[in-house]
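Asks: Sequence:
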Amino acid sequence: MFTDLTQRQSDPLAFGEEEEAENALQLLNSSALQGRIVRNFDLMNHYRINNDGGSPQTDLAKEMNKNIRFSRTKHLAVNITVLDEDPIKSAEIANGIAVLYDSVKTEIQKQVSLEALKIVEDEFKNKEAEVWDLRTRLKELGQKGITNYEEQSRAISEELYKAVTPAKVKVLQA
1 MFTDLTQRQS DPLAFGEEEE AENALQLLNS SALQGRIVRN FDLMNHYRIN NDGGSPQTDL
61 AKEMNKNIRF SRTKHLAVNI TVLDEDPIKS AEIANGIAVL YDSVKTEIQK QVSLEALKIV
121 EDEFKNKEAE VWDLRTRLKE LGQKGITNYE EQSRAISEEL YKAVTPAKVK VLQA
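Residue numbers (this note's numbering): 1 to 174.
In case anyone wonders, no lab produced these hints; they're calculated from the structure. Keep in mind that this is a model prediction, so the values were computed, not measured. Be aware that a few hints might be false.
[As the list claims (entries may be wrong)] For lysine-lysine, the following DSSO-like pairs were computed, each having C-alpha atoms within a straight-line distance of at most 30 angstroms: (1) 74 with 89; (2) 127 with 110; (3) 125 with 110; (4) 162 with 127; (5) 118 with 89; (6) 127 with 139; (7) 105 with 118; (8) 144 with 162; (9) 74 with 62.
Whenever a hint applies, use it, and build me the whole structure from the sequences.
Replies: Written out as structure tokens, the structure is:
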């Protein structure tokens, strides 16, 4: 689930990486982002698409594909192109897409992070239960006289402390 996060070893002036650009394009073309673009900018009305017609969603998709494009630049950045009769509306949609991109990306990352957290928490609880089970079994064995690791540990520590007094250090060195 977790991978080593390595720093970019290549050119520090590079704008991005191919994988990052591809991920951005996938997110920009996702239904989650597309749906928000349609709602936020009321594109059904803006493109004058009749909801009662034969295929309003198909008509909307055709208009969006004709007027809104996402592409990768040679520097591996993402270019958002919006064509519209009204240049102000065009700029508003393009800038809105950039804002929506950030919010949708954050939501997706949060969702994935929460799922990963749940997995880690479950694994932690399992290991914690396993450790408590082992401790209980060791105590039971110790009470039966087979091994009393706590008592042995205490006794060994006491003997080591006694052995490391200045007078006995010379004896141990000999």
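Asks: Could you tell me which of the numbered hints above are not met by this structure, giving the numbers in increasing order?
Replies: 4 and 5
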